[in-house]
Amino acid sequence: MTEAPDEVADLVPDEVPHALPWRVATLVHRRQETPTAATLELDVPGWRGALAGQHVDVRLTAEDGYSAQRSYSLASPASMGLPVAGAGTPRIALTVQVVDDGEVSPYLTDDLGIGDQIELRGPIGSWFVWHATDPRPVQLVAGGSGLVPLMSIARTHAACGSSAPLRLLVSVRSPQDALYSEELDLLAPGVQVTRVWTRSGPPAWSGPVGRIDADLLRATCLPPDQSPRVYVCGPTAFVEAVADALVDLGHDPELIRTERFGPTGT
Amino acid sequence: MAIVSRGFRGRRVADPRLPPGQYLERGFPVLSAGPTPRADLASWTFSITAQGTTRASWTWAELQALPAEDIVKDIHCVTKWTKLDSVWRGVSLDTLLDAVEIAPEEQFALAHCDGGYTTNVPLADLRGGQAWIAYGYDGAPLRPEHGGPARLLIPHLYFWKSAKWVRRIDLGTTDTQGFWEQLGYHAYGDPWKEQRYWGD
Ligand SMILES: Cc1cc2nc3c(=O)[nH]c(=O)nc-3n(C[C@H](O)[C@H](O)[C@H](O)COP(=O)(O)OP(=O)(O)OC[C@H]3O[C@@H](n4cnc5c(N)ncnc54)[C@H](O)[C@@H]3O)c2cc1C
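So the protein lines, in turn, are chains A and B.
If you use UniProt numbering, the first sequence corresponds to residues 1 to 266, in order.
If you use UniProt numbering, the second sequence corresponds to residues 1 to 200, in order.
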């Protein structure tokens with residue numbers, strides 16, 4: 001009934017509780033990933049690095065002091081951040097998917113200009129993380145923008161030349177909503193990427209269109225007998241359905257880690 | 001002084017019931033570290049333990065037979081959403097704690113849940129009509145993804161303290177940190193003081 005305590009202890013980055021100060025982040029580059037999602041590269045002086053899978057809290061403040069906070073996963077690989085030319089201010093990348101009528105996401109994707117500043121603090125979340133030294137096979141299952149922290153894991157895996165078997169299953173509405181398409185195609189040989197289209201596939205697509213189900217998980221994921229660590233991230237209903245089906249297929253619940261972004265249920 | 005993000009206006013729902021850094025949410029988001037556990041009500045029990053002994057234990061039927069309350073409270077999740085006037089049904093921790101002998105030095109509680117989750121809370125925060133074992137939400141049985149069959153409900157602290165799938169409360173003489181509390185989240189978690197993470 002107890003979670004392997006040793007493992008939790010291993011994950012604690014610092015023995016001594018440390019505060020997470022707000023840091024000023026400056027937008028240095030924006031890449032439109034899809035019509036409704038953008039990757040923001042931010043310079044963050046003082047940033048101490050992160051594990052793959054962690055997130056930051058972003059705070060926006062208006063002229064009159066009104067402010068709003070939301071969480072965004074790091075898309076950049078662990079610790080190293082993104083490569084910086086010359087003397088290094090630490091740089092991180094976030095990928096933000098616009099939520100219609102959202103308070104924060106449309107500002108980040110559309111209004112924040114190069115050189116503009118936001119505040120953020122982190123890294124946060126020492127559970128939904130992958131350690132580059134972990135030899136255990138890794139299965140990633142992403143729904144929509146839930147791909148962001150899983151991409152950080154895949155990028156970290158590539159950057160450190162990990163030999164842990166890695167598979168990625170991505171559920172996405174249609175090709176025009178797909179994040180990081182080209183990069184996913186270029187992931188190391190041996191990294192198996194499967195895409196599932198929930199609304200419509202690419203032009204010549206003759207495969208199935210629909211939601212991830214147990215048969216698909218069985219056919220495409222690392223099998224339970226290899227005891228992969230499984231990371232599932234996406235909208236709540238997606239994570240519930242996938243995690244449930246994985247347990248049915250025989251995956252050890254203790255090896256399944258989940259992160260839910262919304263949309264929110266009732 | 002916070003830096004200004006150029007051109008940001010925001011939505012500005014100024015509600016005095018929103019703690020700092022929170023926004024108003026009408027849905028009910030789900031947050032948990034792993035898959036939703038499956039409970040068998042026939043063998044389910046809730047117990048209060050201390051110093052390695054069981055002080056009291058209730059079966060599902062016994063818990064249902066205890067006096068229940070309808071509870072209407074605002075809940076505040078550390079991931080920033082606040083939901084106003086959420087409607088719960090459950091048994092007050094006062095009722096449960098009154099059934100056991102507690103030594104004066106046993107001032108700390110650690111809740112244990114199916115799936116291995118734990119969270120710590122001072123005993124004082126479980127008393128005085130501040131905490132419940134909740135098994136109903138919005139007029140229906142509490143759904144598994146929201147912590148059913150039963151969860152702790154401690155609405156005056158961030159919602160991760162309201163541990164889902166709770167099975168046991170262990171009383172002790174020292175404050176043992178729980179799952180998220182070991183992983184960087186605040187030991188106490190008062191939303192009005194914005195105690196989200198270590199050092200807040
Ligand atoms: C740990 C964590 C990590 C996250 N990482 C990312 C990330 O990497 N990239 C990213 O784009 N988002 C991420 N999110 C979601 C993000 O924090 C915001 O919730 C999201 O950007 C919406 O904020 P908003 O202010 O634009 O919308 P809000 O003003 O908060 O919401 C507007 C409406 O949209 C609904 N809604 C909220 N979120 C969603 C959603 N995801 N899909 C559909 N409807 C929604 C709300 O219920 C509300 O009714 C993460 C969330 C968490 C908790």
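Just so you know, the hints here were simulated from the structure itself, not pulled from any lab data.
Every residue, glycine too, gets a C-beta built ideally from N, C-alpha and C.
Treat each hint with caution, since some may be false.
Stated by the list, open to error - To list a few chain A residues with every Cβ distance to chain B over 10 Å, as calculated:
#1 Gly46
#2 Ile124
#3 Asp225
Claimed, not checked - To give an idea of the interface, some chain B residues facing chain A are shown, with a C-beta separation under 10 Å as derived from the structure:
#4 Thr54
#5 Lys80
#6 Pro144
#7 Lys193
*Can you name, in rising order, the numbers of the hints this structure does not satisfy?*
2, 4, 7
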